[in-house]
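Trainee: Quick note, the sequences are listed as chains A and B, same order.
Note that this note's numbering gives residue 219 to position 219 of the first sequence, counting from 1, and the numbers run on in steps of one.
Note that this note's numbering gives residue 300 to position 22 of the second sequence, counting from 1, and the numbers run on in steps of one.
Some hints here could point you the wrong way.
[Stated by the list, open to error] Straight-line C-alpha distance at most 25 Å; calculated SDA-like pairs for lysine to any residue:
1. B:476 to A:128
2. B:476 to A:127
3. B:476 to A:120
Hint data in this document are derived by calculation from the structure and do not stem from the laboratory.
On a predicted model such as this, the values are computed, not experimentally measured, just so you know.
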Amino acid sequence: MTRTEPLETEPGLAELARPATRGRSWWQPHRIVLLVVSVALVMLAAATMRWDWLVEYWPQILIGVWRSVWLLVLSIVLGFLMAVPLGLAQVAGPRILALPARGFCTLIRGTPLLLQLWLLYFGVGSLFPTIPAIRQSFLWDYLRQAWPYALFTLTISFAGYEGEVMRGAFAGVPHGELEAGRAYGMSPFKLLRRIWLPRAFFRALPTLGGEIIMQLKSTPLAATITVVDVYGVIAQVRQDTYLVYAPLLFLAGIYMALTGILVLLVRVVESRVPIRGV
Amino acid sequence: MGIDWSLLALSPPGWGGVLLRGLVTSLEIAGGGYALGLAIGVGGAFGKLYGGPVTRDLLECYTTAIRAIPELVLIVLIYYAGTDAVNRLAESLGHDAVNINGLVAGIFVIGIVQGAYSTEVLRGAIKAVPFGEIEAARAYGMPSGLLLRRITLPAMLPHAIPGLANLWLIATKDTALLAVVGFTELTMATRQAGGATKDYFLFFCAAGILYLMVTLVSNQIIRVVERRARRGMREV
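The following block holds chain A by itself, in its conformation from the complex (with noise of 0.2 Å):
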């Protein structure tokens, strides 16, 4: 469900042809009305629809964002540490490297998110119990469990989307650049570390904080093998009132919101990238 996002181009002409509204301030008259009539909407919602269920579920949503955003964050760094050398290993690394890295991509990318869980929590999960050395091993008391499957999924997903956009990032990297650090001698490995990998993820920075954005969104598939994240609790809660749009609805609220709070952390982190002109 990764998506890319669109590419801005320049401000064309059409835009500039139009009377400015640029000069003017964000509080125009039907903003205004705008404004009034969805906060007239809210309150509707607030008066006509059930919200009890608030108090008493509250301990566990809070608990269920919790484990959404723990489970973006761990899946988001383990993700990313794995799309560097697949991203490396498409670009520079010899063909027996190069070769599976771009298979795995395909394969990531060409499939759905929910397929993959299912495969890996259904599938692989039901083989697991079948080794008597699984059941004996200490992993067992992991591997019973659901998150595990989650996590790794949505690792995997997030390192077959990166792979890809680092790819693209080191190549990227003007030849020049690296050719310099070479003439001073730098070994491999130290090229890759002081000048290639930043001025790639640098480069990828961008991109990196839209499929962010997307990670968050595939968190709640969690909740299809039985994670209680947000998602989770919500889905117990329409079962249990049989309500049908308050919790919905205070769900997409919940995710608005985190959503709103990854855009302001992605742009204070791209704010601080320290080059210009890439």
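Model the placement of chain B on the given structure of chain A, informed by the hints.
Mentor: Just chain B now, kept in the frame of chain A:
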């Protein structure tokens, strides 16, 4: 453990036919949803670029909200809300509650989600068309319908195709989410087959290969379409 390939046979003791029917359903929904999304996208992009302030703000709310909420939540929300709204409408008009076709509901859901992304892709593409070309057409007295058909749409197409191709691939994969609301497309059919035979691994692998084939075939077609749309343009 050996692999029981006969489970994938096309006729009833095997589940191959069920899987293939699921694939066809998935493709129908993806195709229908994509087309609906494109229609919304064309309208949305023009609304955002040339519409009045209220239209523009409402469209901004639509695209922002859709892009900020997980597809899974949207699909569940729109699937239930959509069918419920139609039923209420039917009741208020004095009809009995109608049984909504799952296929139509699925197309509607995917279309609404895709529409937001299409809007952004097409808006960017239209903005990339040099304004002089549109101005020239206006100077020749072209009415706006003709202008759209002859100038804006063909000129923006090369800019839009990479984004739109990406959206098609997303549409095919998003149909899998309909399994969560219990709709029998490919992923749900696979789960049912797995549940009946306890051979989840085999069936999910088979379904994965089907999805992968859809993606790979789509990629080849996209390449041809892109080359055709970009003919006469500089290579990048």
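Trainee: Hints first: check each against the structure and report whether it holds.
Mentor: Checked hints:
Between the alpha carbons of residue 476 of chain B and residue 128 of chain A the distance comes to roughly 14 Å, so the proposed pair stays at or under 25 Å and holds. Among the hinted pairs, residue 476 of chain B with residue 127 of chain A is consistent with the structure: their alpha-carbon atoms are about 10 Å apart, no more than 25 Å. Note on residue 476 of chain B and residue 120 of chain A: the hinted pairing holds, with a Cα-Cα distance of about 14 Å set against a maximum of 25 Å.
When each numbered hint is compared with the structure, no violation occurs for any of them.
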